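Trainee: Residue numbers (the UniProt record's numbering), protein chains in the order written: chain A, 1 to 232; chain B, 1 to 244.
Note that these hints are calculated values from the structure, not bench results.
Quantities reported herein were computed from a predicted structural model and do not represent experimental measurements.
Treat the hints with care, as some may be off.
To be verified - Pairs of lysine-lysine, DSS-like flavour, derived with a Cα cap of 30 Å:
no.	chain 1	residue 1	chain 2	residue 2
1	B	K40	A	K145
2	A	K145	B	K238
3	A	K77	B	K238
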Amino acid sequence: MTEPLQQADHLLKAQRLECERDGRTLFRDLSFSIVPGTLTRVEGPNGSGKTTLLRILAGLNDNWSGHIHWCGRPRHKQWDSVRRNTLYLGHRPGIKGVLTPMENLQALVAGRQAVSRDVLSRALVQVGLGPWQNVPCEHLSAGQKRRVALARLLFADEPLWLLDEAFTALDVEAVAAVERLLADRVRDGGAVVMTTHHQPALDDMQRILLGHGPGQPAAEVSDEPVAEVSHG
Amino acid sequence: MGSRQPLAVPLLDPVNSSPGVWHAMVAVLRRDLRLSVRQKQDLLNPLLFFVMVVALFPLGVSPESSFLGEAGAGILWVGALLATMLSLDHLFRFDFEDGTLEQIALQPQPLFLLVLSKILAHWLVTGLPLVILTPLLGLMLYLDGNSVAVLCLTLLIGTPVLSLIGSVGAALTVGLRAGGVLLSLLVIPLYIPVLIFGTGTVMAAGSGADVSGHLALMAAMLVLALVLAPLAAAAALKISLSAS
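So that you can see chain B by itself, here it is in the shape it has in the complex (with noise of 0.2 Å):
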């Protein structure tokens, strides 16, 4: 049991007597990788989501490479949208069931932190094997291998303001019992941008133009969901575990 005053417990100082911040990030990511390890379904349903959805393309509308080599990048973009989409229900609701959570908000780290880690273990699961897979799918869409590489870079920077702007959303609806659909409905139009701006500099590598101004912009939208979606999301977890 270890020793004890003799009297009172002795009141313990945050800073000093509690693990750093860093060493408590890693232990949260470290347990969501762990668990997406070891249940295997979360790892791959949206990867096979996404292979899916751009299989019915070309199934779909038309299997010609003048179409598909036109279409490839918005389709694979909006692919991998979808599939961010679908796995961030999963990204804060289980640990909200079972408890996990509310041992999180109440660690002495500040939250959004450890929220931040929790956001890269999701982006590390669902969107990095994402981008890895593009390659493949791309060059099943007739996309030039220029192309391909442009739009893997987008990918790249854009699955993880993917994930920060989607962890707002499902940190909102955590508490809801019926909050999947209320999520997309939330997350999809502030979407829009990182789509216009992926597929756009995709289209302009096409036709051969600069595209190091759009990537630019791309890592400053990056920047800009890295700073304030871990507050936002944050603040949205305390609200949903003050209702619970």
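In isolation and in its complexed conformation, chain A is listed as follows (with noise of 0.2 Å):
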């Protein structure tokens, strides 16, 4: 069923990153690498790149330049590894108003992973849609439909997640949920990559920047003492 990790101790490695969209370029000369344990913030004003970054980390966007190492190896060589160790939430999570949150769960995962539906009806339970869920997710607001997107944390087995503005529309109860579950994830060894524009109250994040100044772009990764970092 698993392998350890091998040769290299990094699940993803970025080399000289750069992406240019519309003329104007988001971010160059941009390398990090995250390993397992750790958590990322992209961090940068509206429009410097932070989703298009998190896209292409994912594998949705190529119009990139560059190098993207998976586990020490290139990663277009292994694409079938990268897609099913990588999660990735975007902040349209691809839930159906005329389906209910159980059946969303369902269809998002059934690709994926095997789960019981006793397995998603506690994860559903956990983050509060217990009394919601055979109610389509059109009746639900925009909070309670963030919440059967993030269920999918709650029994999400991949190594590497992806989460673009996870904590959109949620109450702060909810948000200080979410950054619990991050936490322990990380403790446990996971690896987190993800964008948000508030301060989460998480210790020992890696900082990646995006956008410095108009007509400046630039990009460069802070070096906290969790994760190696280079310098573009």
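Take the two lone chains, each set in its own frame, and fit them into one complex as the hints suggest.
Mentor: Dropping the structure here:
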């Protein structure tokens, strides 16, 4: 079922990433490593390319140059492993309005994990949607829909999580709960890369800073103690 | 939360630790069928459109049985073609807008197989009902029994080809705001061979000729589309997702 991390200690290593969008350079010379047991926050103002960077890491965006390695080998040679071992939650998380939270979760995880209905049900109860399990999602609030998507994190087994604006529309308590969940996950050896506009109450974050000043596209990686980083 | 490894979350083997391709395909099919059943207008609109387009010809051109008997097969084929095209824009658009398509593209299974599942679901909710409705409309257009039977057979082989070819156009235009018209312009030229062979078969049957050759050619088109269209649609979807 599983294989230990071999050769390389990083899950994902990006070298000299450069991305241009609509004739504007979003970032250039961006290098960083994602190692197990770290939390990385991608920071930057609106339009600085945070979502684009996450989509590049997930393998959804091809408009970039540079090198991305996965577990020590070029990523494009092992897409199967990358897809199975990466969980990407975009700010549009694939929740259908006419389906119930349970049906949505079942459809979303069907191709990734064999998860029993009990586990899904428990996850929905845990995110506070117990009474809404069989209500079509279009009748739920934005925050509740977000909770449906985030319920996946309670049983997800992927070593790398990419979370784009995961905290949007959540109330204070839910934000705190997700932060606790992420901290636990990192302590257990998972890797999390996320974008968020609020300052998460988490220690030991690696930071990737995008977009410094108008007309001066730049990117840097701050050297927090937890992660191996190199300056672009 | 389940048990976890103390130090690092183990890497998962993409083959052994994920459900099989078949399971994933069935899940995609089931979701799409469930969505269609819940949103009945998606199911009914192409059918009503088909009925209305076909009803326009007796009203607009001529209600004579001689004209309708001659042109009926062509009218029904064009109606089915337009009805299929009308529903194509929805094939990927909603999934693209709500993020479902991203999640499907990131599944460990080959994308073209999951796309094939979506195309099958599309055909089951648009193409197949058109075929089922055809005998009724065929009688309305004074087609004889043999012609109606052959017409249904050609539509049964032809409408999946329409869905398959159309999926490539739908995948290419899904990221565009005004993709609908462009989609029609892209897809109609590719539909012409199917239309020619579809109506040609019915006409041959009407004049008493053997149609097995015609049907074999149409089946060959279906096989070709079945093999190539999902690959092309999957590649086009990746481009559309990459640009979004």
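Trainee: For every hint, state whether the structure bears it out.
Mentor: We went through each hint and held it up to the structure:
no., hint, verdict
1, K40/B with K145/A, "23 Å, holds"
2, K145/A with K238/B, "26 Å, holds"
3, K77/A with K238/B, "17 Å, holds"
The structure fails none of the hints (numbered hints given earlier).
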